[in-house]
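2 protein chains.
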Amino acid sequence: MIFSELLQQAQNIAAISHSRIGVERESQRVSLNGKLAVTNHPNVLGSRQFHPYIRTDFAETQLEIVTPVVNTVNDLFRWLAALHDVTYQSMPANEMLWPLSMPPELPIRDDEIKLAKLPDFQGVLYRRYLARIYGRRKQMISGLHFNFEFPTVLVEELYQHQSEVTDFKCFKNILYLKTARNYLHYRWLITYLFGASPVAESNYFESNDEQPQTEVRSIRNSKFGYCNKNNVQVSFESLQTYFADIETQIREGHLIKEKEFYSPIRLRRSEQTIDQQASVDYLELRNIDINPFERYGVSENQIVFLELFMLFMLWTDEKETSNDWIMAGDQINNEVALESPLTPTRYRTNGLKIIDLMKRMAQQLDLKGYERVLQQAKNGLTDVAKTISGRMVKQLMTINQSVFATANGLENRKVITQIPYQLNGFTNMELSTQILMFDAIQKGITVDVIDENDQLLKLQLSHQIEYVKNGNMTSRDSYIVPLIMKNKTATKKILTTSGFNAPAGVEFISMNMALAAYPRFMGNPIVIKPQSANYGRGVTVFKLSPSLVDYSQAIRRAFAECSTVLVESFIAGPEYRFLVIDDKVKAVLLRIPANVTGDGHHTVKQLVAIKNQSVLRGLNDRTPLTKISLGMVEQMTLKSQQFTVDSIPMSGQRIYLRKNSNISSGGDSVDVTDQIDFTYKEKAAAAVKCLGAKICGIDLIIPDRSVPVSDHESYSIIEANYNPMMDMHCYPYKGQKHRVTADVLEFLFPQLNDL
Amino acid sequence: MIFSELLQQAQNIAAISHSRIGVERESQRVSLNGKLAVTNHPNVLGSRQFHPYIRTDFAETQLEIVTPVVNTVNDLFRWLAALHDVTYQSMPANEMLWPLSMPPELPIRDDEIKLAKLPDFQGVLYRRYLARIYGRRKQMISGLHFNFEFPTVLVEELYQHQSEVTDFKCFKNILYLKTARNYLHYRWLITYLFGASPVAESNYFESNDEQPQTEVRSIRNSKFGYCNKNNVQVSFESLQTYFADIETQIREGHLIKEKEFYSPIRLRRSEQTIDQQASVDYLELRNIDINPFERYGVSENQIVFLELFMLFMLWTDEKETSNDWIMAGDQINNEVALESPLTPTRYRTNGLKIIDLMKRMAQQLDLKGYERVLQQAKNGLTDVAKTISGRMVKQLMTINQSVFATANGLENRKVITQIPYQLNGFTNMELSTQILMFDAIQKGITVDVIDENDQLLKLQLSHQIEYVKNGNMTSRDSYIVPLIMKNKTATKKILTTSGFNAPAGVEFISMNMALAAYPRFMGNPIVIKPQSANYGRGVTVFKLSPSLVDYSQAIRRAFAECSTVLVESFIAGPEYRFLVIDDKVKAVLLRIPANVTGDGHHTVKQLVAIKNQSVLRGLNDRTPLTKISLGMVEQMTLKSQQFTVDSIPMSGQRIYLRKNSNISSGGDSVDVTDQIDFTYKEKAAAAVKCLGAKICGIDLIIPDRSVPVSDHESYSIIEANYNPMMDMHCYPYKGQKHRVTADVLEFLFPQLNDL
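So the sequence lines, in the order shown, correspond to chains A and B. Per the working numbering, the very first residue in the first sequence carries number 2; after that it's consecutive. Per the working numbering, the very first residue in the second sequence carries number 2; after that it's consecutive.
Think of the hints as simulated: they come from the structure by calculation, not from any bench. Please read these numbers as outputs of a predicted model, since none were measured by experiment. Some hints here could point you the wrong way.
To be verified - Derived pair list, reagent style DMTMM-like, types lysine to aspartate or glutamate, alpha-carbon separation capped at 20 Å: (1) B:Lys179 with B:Asp318; (2) A:Lys494 with B:Glu372; (3) B:Lys487 with A:Asp452; (4) A:Lys487 with B:Asp449; (5) A:Lys354 with A:Asp384; (6) B:Lys487 with A:Glu453; (7) B:Lys494 with A:Glu453; (8) B:Lys487 with A:Asp384; (9) B:Lys494 with A:Asp76; (10) A:Lys487 with B:Glu453; (11) A:Lys487 with B:Glu431; (12) B:Lys494 with A:Asp452; (13) B:Lys487 with A:Asp449; (14) A:Lys494 with B:Asp318; (15) A:Lys494 with B:Asp76; (16) B:Lys360 with B:Glu372; (17) B:Lys494 with A:Asp449.
Use the sequences and the hints to build the structure in full.
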């Protein structure tokens with residue numbers, strides 16, 4: 002079968018950039034000065050037994066980050082970013098990830114290298130076996146595994162373009178085996194370009210170990226690295242021989258299980274059984290060293306290069322019988338791995354030829370976007386300083402590797418944890434969703450972003466699937482409840498019928514009728530608001546009687562938001578947001594309208610600019626607080642207090658820039674969950690229950706929160722919100738943080754409490 | 002206490018037009034030629050024992066319509082309209098309501114007047130007792146009871162303006178007792194104006210009964226009418242004497258229970274216990290005759306007059322001690338009731354004086370809107386032909402009362418049942434909601450319109466409360482499900498992941514990217530649609546490859562509806578809507594795009610006009626089908642078939658005016674529930690279950706509905722709709738009707754099946 006011909010016939014060839022890919026990245030947890038951590042795997046990461054993203058490998062300190070399978074390099078790096086973020090924020094503050102494949106200095110005593118404390122005894126036994134066979138030190142090496150599957154549409158099309166093989170599974174096996182064999186033959190080029198384990202730290206090699214005497218390109222990919230004993234030989238001739246050989250190795254006691262076969266490439270099936278009728282579904286590349294210059298251990302360009310390289314492995318024909326072809330590859334690879342990183346490789350000409358053939362293939366297949374990575378590979382071949390090991394060893398001339406690694410680790414840690422409330426990789430989503438997603442990943446819930454613009458997530462734990470939108474909309478609430486709450490009149494009707502206190506009001510469905518009704522409200526403090534709008538849009542508060550002009554303007558503003566407008570009595574007093582989940586108040590915030598406090602020197606404008614510098618303040622629901630604007634509404638509010646933006650308030654004088662207290666219009670959030678009399682919490686929870694809601698933000702005016710609820714005057718329910726902001730409770734302006742997103746997850750998956 | 006002074010101080014006096022009012026209207030069921038019905042109370046009305054709206058009174062034929070308590074005359078008549086509509090449509094087609102207080106000709110044999118067949122034996126025993134004491138014939142008389150409660154804000158304000166009484170309940174009792182005593186004194190004026198029982202039909206009086214010899218104003222309100230024996234005397238001096246007297250009457254065996262006290266006015270409490278500490282909460286006026294000229298037995302003007310009359314009863318001072326005052330009233334009333342309807346009353350001057358005083362009160366209290374009813378009352382006093390009994394007796398000069406009543410009854414029946422799919426009184430709501438409301442009323446579920454513009458209903462059966470929006474959104478669906486379905490991409494992702502077939506597609510979030518993608522779709526049949534729009538808005542179907550111009554136009558139209566647009570493969574074949582409720586397919590409709598069938602004579606334009614004449618076609622979801630438009634889209638569709646609106650299609654030739662089959666764009670609905678292979682129903686129900694929905698309309702393209710589902714080619718899921726139209730299944734263009742609204746109610750209230 003001549004795959005290069007089949008590939009040239011393929012319409013779907015461009016889909017190669019949508020191959021299914023995933024990464025597993027191992028790292029040692031270390032202290033901030035680069036010593037192996039002595040702590041256990043972080044408890045907050047839940048159970049390692051089923052965690053889909055963050056697990057432990059051989060040792061308790063050896064953390065493994067596993068991305069989901071994705072279709073683009075971009076998505077892969079979003080997940081790497083997110084998983085590293087969660088990992089860093091789940092570790093103790095004085096720990097970081099070691100950025101090298103080679104472990105940091107190891108303890109002198111073997112038993113100080115702790116095996117991973119897995120809950121399942123089989124797992125522990127397996128690690129004890131590995132420690133006995135390979136030694137604990139060898140097992141401390143870390144790598145990056147790259148899972149690669151050709152796009153299904155492409156494989157299906159290639160199958161259709163040929164007639165030799167009449168079984169699709171069989172065709173797939175042929176395709177992946179050819180790719181794997183070629184990879185084994187040509188992988189030395191990857192070792193050359195991406196090798197990144199030139200030297201070992203203290204106590205990696207035992208004194209009697211055979212070991213390289215100078216710096217090399219990749220200890221890990223050489224015979225001194227992490228490999229099976231020499232007697233383990235597995236043929237890649239066919240799937241049958243591959244499995245038969247592995248079985249023989251197990252039967253003869255050379256391997257304990259299939260996964261002990263440390264080949265640089267593994268044939269993988271979606272279902273984890275050894276079955277000679279099974280098909281290869283994807284390949285696992287296991288020979289990538291951790292790239293110390295990259296925050297996530299690998300660069301996007303490396304992955305793009307690997308995708309094209311895998312296509313080339315399918316394209317190019319083998320020149321020898323499979324065993325010879327692979328053995329030749331093994332030999333060259335070992336040679337290249339042990340070359341000095343500062344000298345050109347003996348195989349430079351071959352390498353340049355491969356790159357040239359890859360380039361020609363890309364041209365013949367009309368593939369765009371690979372020029373840069375091909376050029377980089379070429380540069381690496383002509384200038385060793387442009388290989389990773391070359392770059393490393395140049396630096397190691399002035400500092401030792403441990404200092405180099407510690408510095409890089411610290412820098413990674415700083416960048417990854419810079420904005421702690423965000424979830425790296427998904428910062429374009431709303432903050433509430435980012436935080437919920439963070440918590441889900443941390444707890445080991447599988448997350449699938451169903452629609453990014455819609456903030457729609459699919460969560461799965463074991464067999465239970467839950468969908469969540471905006472971090473707060475779930476299957477736990479019934480459909481009708483938000484429809485009721487959307488309608489402020491209906492909400493009030495239901496609440497007051499049940500004996501709760503809500504401000505009296507009138508509803509208008511015509512602007513003219515509302516304008517004509519001015520005399521009814523003249524002389525009274527009122528609030529004008531659209532019936533169904535959100536985030537305080539179109540709301541005007543008149544703490545004193547409005548003038549006809551102001552009233553008319555406010556009515557028009559409200560009608561611009563909704564065709565029904567309410568005019569309600571204004572109830573004086575501070576406004577509190579109660580977040581209720583499953584009949585329990587989880588957090589209470591006092592929301593204070595946008596304001597600045599004078600210092601006697603700065604103008605209002607300057608004070609606003611200073612306050613807006615906070616990393617917590619931003620725009621569009623991507624931060625826990627919102628930047629204060631200086632628009633029309635703010636200027637009018639200033640004017641009503643005889644201020645302008647250029648006034649200089651006295652020291653300690655608080656100036657308000659809005660009348661409404663929404664966080665989205667620059668308000669401050671002050672957590673008072675533990676400072677408010679419990680009777681208000683009871684009242685809020687009861688009101689939410691009366692509305693039938695399960696996840697709800699309910700707003701109460703409370704003149705004096707320290708006095709228990711007595712009569713109707715002691716509180717007034719302003720609004721019930723079916724889409725409450727979650728992030729403001731997680732990161733308030735002042736006061737205690739409340740992780741209400743985690744409460745939502747525990748509500749959806751109560752079994753989390755038992756894990 | 003001088004109530005006129007208190008009233009003059011009241012700010013809230015205008016609230017009198019928002020008094021809490023309700024009506025109970027009794028009627029005999031009769032055949033279309035005016036004979037007493039021999040059928041049982043309609044079974045479809047469910048259990049009379051708890052039915053809040055439609056019950057039986059004394060006899061099985063004596064139906065009682067009870068409105069809920071409302072705040073405006075307008076609402077009262079909406080409910081009267083709705084309840085009469087449901088009543089008429091629940092009765093056999095050959096029955097109607099007798100429009101008179103006096104019953105139609107009664108059977109000669111007493112036992113042919115069937116007592117109401119109540120399920121509770123106590124109720125049956127009570128009716129047997131009444132039959133024994135008063136005779137079955139007397140009990141066959143029907144009346145209209147008017148429940149009246151002064152607005153709470155007004156009563157509370159009056160209480161605050163006085164200082165004599167320091168207990169609010171006590172004040173309310175004084176207020177209502179004064180009103181009641183005055184009503185008993187002045188009620189003769191109501192008898193004069195509204196009396197409407199001049200003559201009895203055959204067999205009402207027994208031969209030895211004392212009876213009027215000529216026509217009178219109101220037999221029912223005279224001593225020949227429906228009243229207690231003379232020895233039943235109850236004092237209205239105070240609440241204490243009232244209850245004490247009733248208790249004595251019961252103890253002494255003159256009354257069997259409180260409700261046998263047939264006073265023209267009753268003091269009513271919200272809680273039905275005799276408790277001397279209780280307060281009067283409202284008054285029940287029991288002396289109103291059925292007005293034979295009004296469809297619902299009473300006119301809006303009568304109710305408006307009664308509201309003002311009740312206020313006057315509170316305003317005007319009593320001139321004698323209570324017993325004398327009431328006795329004087331009783332005497333005048335009996336006198337007026339027995340006057341000839343064609344002669345002026347002896348009390349005309351007094352009557353005119355009362356009207357004048359009412360007018361002056363209205364002026365002093367600055368009450369608007371009562372001029373007309375006061376003038377009408379004045380006219381009645383000066384011209385007997387303008388009283389109801391006067392009008393009746395004038396007509397009875399040429400036809401007998403039975404013919405008169407039958408003709409009026411037939412006319413009422415015709416008007417009430419004219420548009421059978423509507424619910425009279427609520428025709429401004431969407432049709433799906435009207436039909437659901439109809440069904441709820443019929444089944445005896447209490448309905449409260451929470452928000453009319455929002456199609457939001459509160460339903461209550463016993464202690465269970467359910468809210469329903471649009472007739473299909475309920476607590477049975479979870480919040481997240483419609484949010485998923487709103488997003489067509491997410492829906493498709495979930496369905497295809499679970500193995501269902503849905504057309505392949507691409508999603509665009511930028512118009513330019515979508516426009517640039519034209520080459521990808523060129524040559525293929527496609528559908529362009531907004532991701533989240535509804536009712537087929539912004540959807541364009543290209544059954545053949547689109548031209549660039551048409552493609553661009555369609556993309557722009559779709560982006561006008563939503564910021565995300567899908568381009569999907571077009572799957573050829575007819576489209577079916579499956580309505581799924583609680584995992585079961587309740588109805589399947591074939592929807593055919595707007596079309597006309599030629600007759601060889603009329604133009605397309607004329608054929609459309611003829612088709613649009615159907616009473617089933619209208620606009621804005623108020624009819625089961627939509628009028629066909631002749632706009633841009635229709636003209637383009639015609640053009641693509643080489644037609645214009647002026648073409649004359651051949652006889653039998655079907656011309657399509659749209660490509661999309663939505664009912665809201667003029668399509669025809671053809672029920673095929675029993676004609677479609679059951680495997681499609683299984684597939685539809687499974688897909689809805691997969692999405693987690695409970696009430697859902699799901700659309701499938703099915704090339705051949707008679708062949709069972711075989712492979713993926715045999716169906717394709719186009720869309721899942723979380724707000725499915727219900728009415729189109731209830732009233733399809735062709736085929737079997739399916740009352741899916743009733744299915745929703747039985748889903749919400751499964752106990753309905755046990756009743």
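The hints, checked one at a time:
Note on Lys179 (chain B) and Asp318 (chain B): the hinted pairing holds, with a Cα-Cα distance of about 9 Å set against a maximum of 20 Å. The hinted pair formed by Lys494 (chain A) and Glu372 (chain B) fails the criterion: a straight-line CA distance of about 34 Å is larger than 20 Å. Simply put, Lys487 (chain B) and Asp452 (chain A) have alpha-carbon atoms about 12 Å apart, close enough for the 20 Å limit, and the pair holds. A threshold of 20 Å between alpha carbons decides the hint, and for Lys487 (chain A) with Asp449 (chain B) the separation of about 18 Å falls inside it, so the pair holds.
With a C-alpha separation of about 16 Å, the suggested pair Lys354 (chain A) and Asp384 (chain A) falls inside the 20 Å cut-off, and the hint holds. Distance check on the hinted pair: Lys487 (chain B) and Glu453 (chain A) sit about 14 Å apart at the alpha-carbon level, within 20 Å; holds. At most 20 Å may separate the alpha-carbon atoms for a hinted pair to count; Lys494 (chain B) and Glu453 (chain A) meet this at roughly 13 Å. Proposed proximity of Lys487 (chain B) and Asp384 (chain A) is contradicted: the alpha carbons are some 56 Å apart, above 20 Å.
In summary, the hint linking Lys494 (chain B) to Asp76 (chain A) is supported, as the alpha carbons are separated by about 18 Å, within the 20 Å threshold. This hinted pair checks out: Lys487 (chain A) and Glu453 (chain B) have alpha carbons roughly 14 Å apart, not beyond 20 Å. In summary, the hint linking Lys487 (chain A) to Glu431 (chain B) is supported, as the alpha carbons are separated by about 19 Å, within the 20 Å threshold. Taking the CA atoms of Lys494 (chain B) and Asp452 (chain A), the gap is about 10 Å. The hint holds against a cut of 20 Å.
Taking the CA atoms of Lys487 (chain B) and Asp449 (chain A), the gap is about 18 Å. The hint holds against a cut of 20 Å. In summary, the hint linking Lys494 (chain A) to Asp318 (chain B) is not supported, as the alpha carbons are separated by about 38 Å, beyond the 20 Å threshold. In summary, the hint linking Lys494 (chain A) to Asp76 (chain B) is supported, as the alpha carbons are separated by about 17 Å, within the 20 Å threshold. Taking the CA atoms of Lys360 (chain B) and Glu372 (chain B), the gap is about 8 Å. The hint holds against a cut of 20 Å.
In summary, the hint linking Lys494 (chain B) to Asp449 (chain A) is supported, as the alpha carbons are separated by about 11 Å, within the 20 Å threshold.
The structure fails hints 2, 8 and 14 (numbered hints given earlier, in ascending order).
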